[in-house]
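Asks: Listed below are the residues making up each chain.
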Amino acid sequence: MRPPVAALRLRLGATIVAGLLVVAAAAAWIAPYDPTTQVLAENLAPPTAAHLLGQDKLGRDILARIVYGTRVSLAVGVVTVLVSLGIGAAIGALAGFAGGWVDEIVMRAIDVLLAFPGLLLAIALTGILGPSLRNVVIALCLIGWTGYARLARSEVVRLREREFVEAARALGVPERRILVRHVAPLLATPMLVQATFGMAAAIVAEASLSFLGLGAQPPTPSWGAMLNDGRAFVLVAPHLTVFPGLAIFVTVLGLTFLGDGLRDRLDVRRPTEL
Amino acid sequence: MLRLALRRLALAVPTMLAAATFVFLLIHLVPGDPVDVMLGESAARADREALRRTLGLDRPIAAQYAAFLSGLARGDLGRSLVHGTPVARLLADRVPATAELTFAALAVAVALALPLGLAAAARPGTWIDRGSVGVALLGVSVPSFWLGPMLVILFAIDLGWLPVSGRGTWAHLVLPAATLGFGMAAILTRMTRASVLECLAEEYVRTARAKGVSRAGILARHALRNALAPVVTILGLQFGALLAGTVITETIFAWPGLGRLLIDAINQRDYPVVQGCILAIAAGFVAANALADVANGWLDPRIGAAAARARP
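Residue numbers (the numbering used here), protein chains in the order written: chain A, 73 to 346; chain B, 42 to 353.
For reference, chain A alone in the conformation it holds in the complex:
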């Protein structure tokens, strides 16, 4: 028997994430204004009926910027996860399947990378490469693949000794084909769960870097950059700070619920921390 709370969480998470995808896809229809149109006379205006969440320092509509910001967050999240998962899964699976010194070298390299806080590495890399969303994605991928590699390796090492692999080997199936056809498909489920959490982590990381001025550059509507803009006006215009943060919070909550729910539903072992 699954406790009803877990099922509820899964449903809530899936609903939030589906909602975000719709908002991102239909941003042009949902947003009440263009996210970059400035109305300087109405700068820092608090929420009104015409501008439900108020206007920022350049009089831009905050709701419109949050709606378009969904695109930025999801795009960074999806690209980062796909690239790091692809690289990580390939390297981890190969290391696990090859074993021996290949495995040893790869795992030591990952240990060294994981020995440092990811955010610090990301700040260092974007600080050096120059502030831009593209460099944020590059930095996050350079750091993010390690988690997937570890997971893929541990799964492959576990699967390598199973009977069906032995059987395939006994039948004379080549090693490469065993890895690609028999082992790799079984990685999909744990990877999906890890990717859900990884997406949340990537979205928070992008927002963190943009908050520090190292990510999205004006006039791109990024939630983190909006929070950075709001910092100077927190005394006079707190609505600049409240709403973009709420968007990040709801997104991360949705992805966390979805990841937790999927893990319970698909009966995946708890993934190692990214």
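Treat the hints with caution; some may be incorrect.
Unchecked claim - Beta-carbon label-pair distances, calculated as ranges: (1) R248/A - N308/B: 47 to 55 Å; (2) I177/A - L70/B: 18 to 26 Å; (3) T210/B - L154/A: 31 to 39 Å; (4) S204/A - D117/B: 47 to 55 Å; (5) D74/B - A162/A: 46 to 54 Å; (6) V123/B - M179/A: 34 to 42 Å; (7) I177/A - G97/B: 29 to 37 Å.
No lab work stands behind these hints, which were simulated from the structure alone. Yeah, the Cβ is synthetic: ideal placement off N, Cα and C, and Gly gets one too.
Position chain B relative to chain A; hints supplied.
Replies: Only chain B this time, still in chain A's reference frame:
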């Protein structure tokens, strides 16, 4: 105990070397010519050559690396391109502020997480247990760069209890420490709860109960100490995230620490200072991990003995 400490110290050396190498390579990751990036393309040729010599970029990379490491060993991290002062002195000026913030945040995290995790484990399934799960979930989902300004709006602006930003009195420390510590408190609460629950299921707890030890006595004397080892490990591992988080917290609260220095240096393309800040933060993190391992050896002599013998 001393042997474990020394052995752990020796293990920290390669990690630190990796950090130093990464930091050294950073300047070579600058797109294009770092000298152009720093001075702008219109700079006079003589100035550019002078800067290139100052940074040692005119020499072969192996020689640069050797010079960098030997400078590091002497505590020489070069000079700031903007201020002209030695990077080591700039760092030394900022370390106390960052250390103060980090330890205050650590104290907030432990003060929140241990009682909450313990209470949740003592009464699983009750409202306090569910509440602790809720707090943990909030801590993971609420980013610090939102929590901080929200706390400012509530406690500094609306209620007027605490200062908005800056460093000075104890009151200045409250909001930054709470902002930085909350995320870690969430992780620690979950860890403490799980770890104590595991210990409560052990044979020795049943023995203690059979002998008539009170519930509180079992929790305090038997479960807590044994449950602390994994908690301390997480504490050490999360310390790195905490240190990296100071960059964000110091930005929110205009806290004059290493994180602020790092972001200012990035904005001014003052690469020697960028390198120094990252190295200093990494060193703090490596030291914290080593300390956590030694503390674990003290909490659980079995771990200490095994580590002192078996670690390569």
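Asks: Let me make sure I understand: some of the numbered hints might not hold for this structure. Which ones are they, in numerical order?
Replies: Checked against the structure, the hints that fail are numbers 3, 4 and 5, while the rest are satisfied.
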